[in-house]
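Q: Given the structure of chain H, go ahead and fit chain F onto it with the hints provided.
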Amino acid sequence: MSKPFATVVESRTSLANKTGSWRTMRPEYVHRLPPCNVTCPAGENIQQWLSLAQEGKFFEAWQEIVKNNPFPATMGRVCYHTCEKVCNRGQYDGSVNINLIERSIGDMAIAKNWSFKKSDAQSDKKILVVGSGPSGLTAAYFLKQYGHSVDLFESHNYLGGMMRYGVPKYRLPRHVLDAEIKRIQDLGVNIVCNRKVNNLKDELSNYDAVYLAIGASIASSVSIDVESGATVMNAIDLFRKMEDDPKDFPNLGKSVVVYGGGNTAIDAARTALRLGTENVKIVYRRTVNHMPAHESEIQEALSEGVEILCLRTISAINGNKVILDKMDYDEENGVLSRSGENEMIVADSVIFAIGQSVDNSLVQGIEGITVTEKGLIDVDNCMMTGLKGVFAGGDVIPGKRTVTNAIGYGKKAARCIDAFLRGYEYVPGSKNEVANFKKLNTEYYKKDARKEISRLGDLNFEEKDVSYSDNEVVKEAMRCFSCGNCFHCDNCYSYCPDNAITKHEDGTLEINYDYCKGCGICASECPCGAIKMTT
Amino acid sequence: MSSLTMGNRFGRNTTIQSSIDRPNTLTSGHRACQGCGEGLAARCAIDAAYTAAKGKIAVVNATGCLEVVSCSFPDNSWNVPWIHSLFGNTAAVASGVAAAFKNKGQTDVRVIAQGGDGGTTDIGMGCLSGMFDRNDDVLYICYDNQAYMNTGVQRSSATPALARTATTMPNSQYNGSDPETGKNVPDIAMAHGIPYVAVASVGNLHDLERKVAKAVNIRGAKYIQVHCPCPLGWGFPTAETIRIARLAVKSGMYPLFEAENGNLVGSTPIEEQVPVEEYLRVQKRFAHLFGKNALPENIGILQKIANNNIKKYRLGGMSDE
Numbered sequence: 001m002s003k004p005f006a007t008v009v010e011s012r013t014s015l016a017n018k019t020g021s022w023r024t025m026r027p028e029y030v031h032r033l034p035p036c037n038v039t040c041p042a043g044e045n046i047q048q049w050l051s052l053a054q055e056g057k058f059f060e061a062w063q064e065i066v067k068n069n070p071f072p073a074t075m076g077r078v079c080y081h082t083c084e085k086v087c088n089r090g091q092y093d094g095s096v097n098i099n100l101i102e103r104s105i106g107d108m109a110i111a112k113n114w115s116f117k118k119s120d121a122q123s124d125k126k127i128l129v130v131g132s133g134p135s136g137l138t139a140a141y142f143l144k145q146y147g148h149s150v151d152l153f154e155s156h157n158y159l160g161g162m163m164r165y166g167v168p169k170y171r172l173p174r175h176v177l178d179a180e181i182k183r184i185q186d187l188g189v190n191i192v193c194n195r196k197v198n199n200l201k202d203e204l205s206n207y208d209a210v211y212l213a214i215g216a217s218i219a220s221s222v223s224i225d226v227e228s229g230a231t232v233m234n235a236i237d238l239f240r241k242m243e244d245d246p247k248d249f250p251n252l253g254k255s256v257v258v259y260g261g262g263n264t265a266i267d268a269a270r271t272a273l274r275l276g277t278e279n280v281k282i283v284y285r286r287t288v289n290h291m292p293a294h295e296s297e298i299q300e301a302l303s304e305g306v307e308i309l310c311l312r313t314i315s316a317i318n319g320n321k322v323i324l325d326k327m328d329y330d331e332e333n334g335v336l337s338r339s340g341e342n343e344m345i346v347a348d349s350v351i352f353a354i355g356q357s358v359d360n361s362l363v364q365g366i367e368g369i370t371v372t373e374k375g376l377i378d379v380d381n382c383m384m385t386g387l388k389g390v391f392a393g394g395d396v397i398p399g400k401r402t403v404t405n406a407i408g409y410g411k412k413a414a415r416c417i418d419a420f421l422r423g424y425e426y427v428p429g430s431k432n433e434v435a436n437f438k439k440l441n442t443e444y445y446k447k448d449a450r451k452e453i454s455r456l457g458d459l460n461f462e463e464k465d466v467s468y469s470d471n472e473v474v475k476e477a478m479r480c481f482s483c484g485n486c487f488h489c490d491n492c493y494s495y496c497p498d499n500a501i502t503k504h505e506d507g508t509l510e511i512n513y514d515y516c517k518g519c520g521i522c523a524s525e526c527p528c529g530a531i532k533m534t535t
Numbered sequence: 001m002s003s004l005t006m007g008n009r010f011g012r013n014t015t016i017q018s019s020i021d022r023p024n025t026l027t028s029g030h031r032a033c034q035g036c037g038e039g040l041a042a043r044c045a046i047d048a049a050y051t052a053a054k055g056k057i058a059v060v061n062a063t064g065c066l067e068v069v070s071c072s073f074p075d076n077s078w079n080v081p082w083i084h085s086l087f088g089n090t091a092a093v094a095s096g097v098a099a100a101f102k103n104k105g106q107t108d109v110r111v112i113a114q115g116g117d118g119g120t121t122d123i124g125m126g127c128l129s130g131m132f133d134r135n136d137d138v139l140y141i142c143y144d145n146q147a148y149m150n151t152g153v154q155r156s157s158a159t160p161a162l163a164r165t166a167t168t169m170p171n172s173q174y175n176g177s178d179p180e181t182g183k184n185v186p187d188i189a190m191a192h193g194i195p196y197v198a199v200a201s202v203g204n205l206h207d208l209e210r211k212v213a214k215a216v217n218i219r220g221a222k223y224i225q226v227h228c229p230c231p232l233g234w235g236f237p238t239a240e241t242i243r244i245a246r247l248a249v250k251s252g253m254y255p256l257f258e259a260e261n262g263n264l265v266g267s268t269p270i271e272e273q274v275p276v277e278e279y280l281r282v283q284k285r286f287a288h289l290f291g292k293n294a295l296p297e298n299i300g301i302l303q304k305i306a307n308n309n310i311k312k313y314r315l316g317g318m319s320d321e
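The listed protein sequences correspond, in order, to chains H and F.
Take the first sequence: its letter number 232 is residue 232 in my numbering, and every next letter is one higher.
Take the second sequence: its letter number 66 is residue 66 in my numbering, and every next letter is one higher.
Just chain H, same shape as in the assembly (with noise of 0.2 Å):
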């Protein structure tokens, strides 16, 4: 046949066809900021490091950890996990328990005996760091990384700072500590014990850039009439002593009356618990609800025994009696007032943890640096002092006062001294979008309890072994939401209706737009919050 039986036209595939052209709202892969790593302190990339736990990765894990702060396995036992607080999981189902699986991989560091990664950097610049706190060997680990030569000279004959001095043993076990402490010290700072710095002037020619992290060890008073009879001393110095003079722990008699309401108050009243004796009593001027000590160390201290008398005041201190003013408190206008009412209760000791002042000599007279009213240094905001190339941080400066802010001062005021020598000004990334709830799609999240372990112990000063094993920790990382940030869920590739997202070899993904007809069902089903839909 010369002609063909029907016309036949051939058929093309839809490929030709680019539906992107439809779209009026656009998908983009999003990186939000998971509401942990914006509250850390320490500024952690907690979510990253809980992925690198989910996958059993702990090296790369503890890794991770320690780009931004170096005391892991001290962080699991000492931080207030302000993290967990704002953790979206906690809406859901309870809170990842953050401070747990840090410190068990903090451990599992100390074990394994994991150190440092030395970095190539190279500096001639020659950097002191006064005090050997959190925030002081904070700042010598990155100054270091950074290439520079750091001295580090430390007043008292043991390093650590107030992560020895201010928290007891039964906390943070002094092997802990000395192990975090050795692996900075193995990055070659050259730390000096028993060296006080009476006066910066006399070091200043020395020294590129100081940075002060000399803290605030001095007990704060108040005017309270003491006669004979009781024994009466700060809790700093009980903790120093003990720290000193090991095998001559005080003894404080059957009954003791702590004053204050911070961390250090409860330290020092389960610390009398430990030293044997039958009653302690807190004493706080407020409700228990200001205490300004974290709730859970409030619940372990109430566990053990410990009694908290709220809205007293002490007056007077006469023999063994301690006589308590009663305070009234206006729930409606937040106003406290004397009730007139007394009380009295026995003491053998009465131990104040009202708070610590710093002790500022090494500063007076030095042009340039101001101190404010409460004695504390005065710094701009690349954490430097009137005087150029000289930075202080921690407990020095205002600011919160917890391990844990001390560790991110240290880290922020390394970065501002190596941009300062390095003839810039440091300036913080800008922030992405915090990824709260309401950005999560938690129909993706089996409901899974949050693993606790009570770390109430035996009174003693033996820590109680709470940590992780391996599978727990790689258990209760997998609860992380994964917040704001992909974590190769493939809902967005699987649910598509237009084919229009291609999956890479390396499980990453990639929008077609020209197909994206931009029906936002990727965004939405998105666990995570990790797409956002634009104009």
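These aren't lab readings, by the way, just hints derived from the structure by calculation.
In this text, a Cβ means the ideal position worked out from N, Cα and C, and glycines have one as well.
Accuracy of the hints is not assured; some may be wrong.
What follows is a list of derived Cβ distance ranges for each label pair [what the hints assert, rightly or not]:
1. F:I188 x H:K532: 40 to 48 Å
2. H:V232 x F:E272: 57 to 65 Å
3. H:Q299 x F:E272: 30 to 38 Å
4. F:N263 x H:G56: 40 to 48 Å
5. F:S129 x H:H504: 46 to 54 Å
6. F:I20 x H:T287: 54 to 62 Å
Listed below are several chain F residues computed to face chain H (Cβ distance under 7 Å; list not exhaustive) [to be verified]:
7. M6
8. N24
9. Q34
10. I242
A: Quick look at chain F alone, frame taken from chain H:
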């Protein structure tokens, strides 16, 4: 991290859709509306069938949305042997295709018929019943978007009670589709005693893929009905398709179950039943059930339907009475 997502980094309990080498039997460039539940369900179902049959499938398509959007001449979105004949004869054509493969000795080729609810529950009902009756070796998949969508949202026999469509406009006398009408085709299929009947949802791809794979490996007539929300016809934002599918299941309005030889053998339990209102309120086709002129008993009618489903299909767990 969570086995409820479509895929994960650990390769645990992942869907075919999440796999990098999924067959993509329905490829990009099709003209389904933004957020189309049916287009997505069709790709998932046929990908699952393709995988289960190791690539040896032939697909017969009824007239309807799916056919219109996937083969507007000269474009074709199907990457598998695919044929379209008429609106109502899909089951019959599929029976013929299956018979042809049988005669040629190619019994490894699995035949799938597919269509929307109109072409299945209304127009194609006679042919479908015949296919069931003869127990032809065909898997019939009905993508149920609960009305005739591409012609302008007219009511079908799968339209749920009280839904607004172009032909069941609520007014002073009517409240949408009459609750006394409609038919339950999965039950009708079960009554034929065919080897396998299942109801699935585009909001649960793990379950959908499993049911399709199971059906492909069974000889004889199989029927799977997939709930496919339609943003345009039901009136909801295009991004909400999956959420609405999920709400239908969680409220009991769309029971997921499977039956073998006419007997219920499994159902997807509802862990926490959500009130039907949550499902209805987000759809404009039920908007007349809310607002100041709404009759309060209407929600009750739908809640009763959902509660009956839970009892009838044992969505509270198979041990329940």
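Q: Decide, hint by hint, whether the structure agrees.
A: Hints, one by one, checked against the model:
Here the CB-CB span from F:I188 to H:K532 is close to 45 Å, well matched to the stated 40 to 48 Å. With their beta carbons about 59 Å apart, H:V232 and F:E272 fall inside the hinted range of 57 to 65 Å. Look at H:Q299 against F:E272: about 32 Å separates their beta carbons, and that is inside 30 to 38 Å. Distance hint for F:N263 and H:G56: a CB-CB separation of about 45 Å, consistent with the stated range 40 to 48 Å.
Checking the proposed 46 to 54 Å range against F:S129 and H:H504 shows it holds: the Cβ atoms sit about 47 Å from each other. The beta-carbon spacing between F:I20 and H:T287, approximately 59 Å, falls within the hinted interval of 54 to 62 Å. A cut of 7 Å between beta carbons decides the hint on F:M6: the least distance to chain H is about 4 Å, and the hint holds. A least Cβ separation of about 6 Å between F:N24 and chain H falls short of the 7 Å threshold, and the interface hint therefore holds.
Given the 7 Å rule on beta carbons, the hint for F:Q34 holds: about 4 Å separates it from the nearest Cβ of chain H. At its closest, the beta carbon of F:I242 sits 5 Å from a beta carbon of chain H; the interface hint therefore holds under the 7 Å criterion.
Checked against the numbered hints given earlier, the structure satisfies every one of them.
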